[in-house]
Amino acid sequence: MRTTNDAKLQATHADLASDQAAIQLTDVRVDYGATTAVHGLTLSVPFGEIYGLIGPNGAGKTSSFKVLATLLEPTYGNVHVCGIDVAEEPEAARCCFGYMPDLAPVPTDLKCGEFLEMFVAAYGVPRDLQKQRVADCLEKVRLTEKRHTFCKSLSRGMMQRLVLAKCLLHQPKVLLLDEPASGLDPASRVALRDTLRDLARDGVAVLISSHILSELSELCTQIGILNHGRLLDSGPPDQVAKRLGARTHRILEIQLHAPCPDTFEFLSGLSHTQSIKAEGPELTLDYLGDEADQVALLRTLIERGYAIRSFSERGITIEDVILNLEEAS
Amino acid sequence: MSASPTTRSVTQPPAWQIWRNPIFIRYCRSRLRPVSFAAWASIILVFTGFVFFMSFLAPQKWGSASVEEAAGFAFVTIIVVQCGLLMFKGSFNMATGITREGVEGILDYQRLSPMSPLSKALGYLFGLPVQEWALFALTLPFLAYILYTGDIPLFKIAKVYAVMLPAVMLYHMTGFLAGMVVKQRFLAGFLSQILMVLLYFILPQLSNIGYVFFEYLTIRPVLFDELAGILPNWELQEPVRFYQYHVPVWLFSIGMQLSLFGIFLIIVLRKWRNENAHLLGKHAAVGIFAGGLAVFLGTILPLIPDGKIFPPFMRDNFTSAEPDIADAVVKVRDMIEPQTLAMPGVFGLFVLISICLMVSFITPARDTRMKELRRMRKLGWKKIPSGADAATSLPHTLALCLLGSVAWMVFLYSLFQCAWFQGMAMDFQSMGWLLCPLALFIPAILFQQLLEQGGFKAVFIPTLYGWVVPLLIAIIILSIADGLVLRRLGYYLMAVSGPALPFYAFTAHMDGTVGLYTFFMRGAFTISMILYLCILPLVVQKWIQYHRMLKDQTHHD
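These protein sequence lines map, in sequence, to chains A and B.
Numbering of the first sequence is given in the numbering used here, commencing with residue 1 and proceeding in unit increments.
Numbering of the second sequence is given in the numbering used here, commencing with residue 1 and proceeding in unit increments.
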């Protein structure tokens, strides 16, 4: 019977949610000729979780996503989505997930509504539900008013949202989103965050990647740091942050009113200073002290009569984190 | 354990309900938008109207053509317009459209959707050229008027279209394949046009030396056949002789085109399932090769008895002018002798090239083999199934060589039994039946071994310096040499080349031909065989080591 399709999908999802990981990668390796893109990656994402995979460009994120999306065969290792071995049953696995690639492409010759209508039919959603499903998905990504607009006239961020809507059409239990927030404006990022949280509440497992740490730390329930194809650390964001914090030196940026060699000498002599770089009146410190130490340092500088225009701690970039982790390991 | 999602039912229309196919609907929307379509429609209407006027109305008004003749002529011109529209424009759009989808990444979305591979392939096949089909429909009223006023029998037209439509689909499929293989949009379109010219104009020329089945990949034979009684100077085509049967031209054309379409469809479906899959499965490749040889022999063997296998200038000498074939034999024997020596060699070379082509389709790359070895271990298999892409292609290469040898020997036997050889001062040695196949087996196995161990890079250098360069040097030597020693060197050097071996194998076992020439060929063939039989065990030994090394390497992963 045609109308059983959605109900069956829902039922299967509910069954799956109860007893197995949504995404399970075990010792996955991906080689491109002599280059190893992913090296022994093992991770598990339960249903209802949002897992953030963080790493710089070339870390192996996209390769990992392609393996999960059945678009790339791993050199070895086991990959399961919703309990299905993607290497052995790729067609069955494809029903379970929605995949949004990096730089999500859209056809230039279709309108947004037509693009979604094609895929809602391709995914076998019953005809009587198709229109409503498309409308719902467009609403979720706040593109309802763009239904009759050509895809090519959308902004980069809107295209990303449209592809996200396409991923949601068949109500997948797993979402694979490769750098979904790149190109999004702040409002769209907030909307994306809200959408993903709602989906996770409904039991959907989300694997999301980014090279911006702060972008994922607020959203994800778990994060993993990937570099050179290896998973360097993983766990809940606060715990990972704690571990990172313990091993992390901070970057302090001090801007003086005018260049002052005396300041350089003074700061170099401090015990918490790992290294120091001066460019005119701007000083950049690799600083091992905590926040209290920073307060004390600022007070000392003022007391010594240095003219300080600004004193700030730079946010930790993914490059800083990875450098720190590599140093620590 | 919960229910596997593989058991879920996804509501998809059957593949044959093309009008419900989401990909087809998508292209109906994008390629039939009123503004763009109206522009094309006006161009086609104006052009077809002009063609209609010039070919149908003008000859009646200012020429001496009857309505029937004018209708026949106009029908041909409109068919040409339709073919240009569907075959050239349609195939170009097919190739560029698929490439664009691939480059933009949209093809990956389609790969991930749960539609069956057949539905996806048919969706693209009918969807991408939908604008051309619609424009084709616009030319039909002109056609209907011509048929009505010219009183052309409908069944004749139906036969032409019964051949033309599969031909169009075949060419669209060619564009589809070009689009899947080539990554640059216009290069893909260009390739599709080259393939069209190859299939439509170049390959049919091979019918002049007996390879007649290529001619039936076009609509020309059926068009000539069906309009023979309508247009002056258009001759009725003979039915196609296929073994002892006489098959109507239209039926044979449809059969040929659908067979090739089927092979292309298999390739497309395999590529849809797995982008890295071989073009053909191993068993399928052997089956297709056997089928191809059967068709080939079926069409070439009936041409031997009356000499139609030889180029047309010979044919005209003895079939039309002198119906008594025995007289004709005597008359043209001297002219035919060099061709009888070349013909089996050409056939052998054709078979050898076909084998190498098939081997290149089915031979696994190193990475494919390693992945499957790891998978084998993971799944607890004892060995890789023989039909899998990753399995060695050696057994299938041997099967291809065996089939090719049988076909070659059947052709040779038929040639020697025909009237053209009776009484000629040459004979084929019985050892030839055993040794000729070596000229297929040895180069094919060598090719397979090198390809499997090192890929196309490993084949390129030995092929260039082992086969092509000696052949070219030998040709230069033979064309300039006066002395016997140099000529002998030329013959010996040419025998090193794999593609030359079928010519040598055949000629070396002929008795009583140009004495010294046969003597050279026999010596060269013997030395070449000794050389190859020394090299082959070494290559095979390396192949065994290569497979051991792969096993060990994957075992340690």
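Because the hints were derived from the structure by calculation, they are not lab data.
Only a predicted model underlies this, so the values are computations on that prediction, with no experimental measurement involved.
Note that the Cβ used here is the ideal one computed from N, Cα and C, for glycine as well.
Hints are not guaranteed to be accurate.
Unchecked claim - Under the rule of at most 20 Å between Cα atoms (straight-line distance), these lysine to aspartate or glutamate pairs were calculated in the DMTMM-like manner: (1) A:K111 to B:E104; (2) B:K271 to A:D194; (3) A:K140 to A:D198; (4) A:K152 to B:D108; (5) B:K378 to A:D27; (6) B:K156 to B:E235; (7) B:K271 to A:E91; (8) A:K146 to A:D136; (9) B:K551 to A:E253; (10) A:K111 to A:E145; (11) B:K271 to B:D151; (12) B:K542 to B:E275; (13) B:K383 to B:D151; (14) B:K378 to A:E145; (15) B:K378 to A:D102; (16) B:K156 to B:E275; (17) B:K183 to B:D108; (18) B:K383 to A:E88; (19) A:K146 to A:D185; (20) A:K140 to A:E73; (21) B:K271 to A:E89; (22) B:K89 to A:D109; (23) B:K382 to A:E88; (24) A:K111 to A:D136; (25) B:K382 to B:E372; (26) B:K457 to B:D367; (27) B:K378 to A:D31; (28) B:K378 to A:E88; (29) B:K271 to A:E88; (30) B:K156 to B:E238; (31) A:K152 to B:E104; (32) A:K146 to A:D109; (33) B:K378 to A:E253; (34) A:K277 to A:E253; (35) B:K383 to B:E372.
Stated by the list, open to error - The following residues of chain B were derived to be distant from chain A, with all beta-carbon distances above 12 Å: (36) I25; (37) Y109; (38) P117; (39) D511.
Of all the hints given earlier, name the ones this structure violates by number, lowest first.
2, 9, 11, 12, 13, 14, 15, 16, 20, 33, 36, 37, 38
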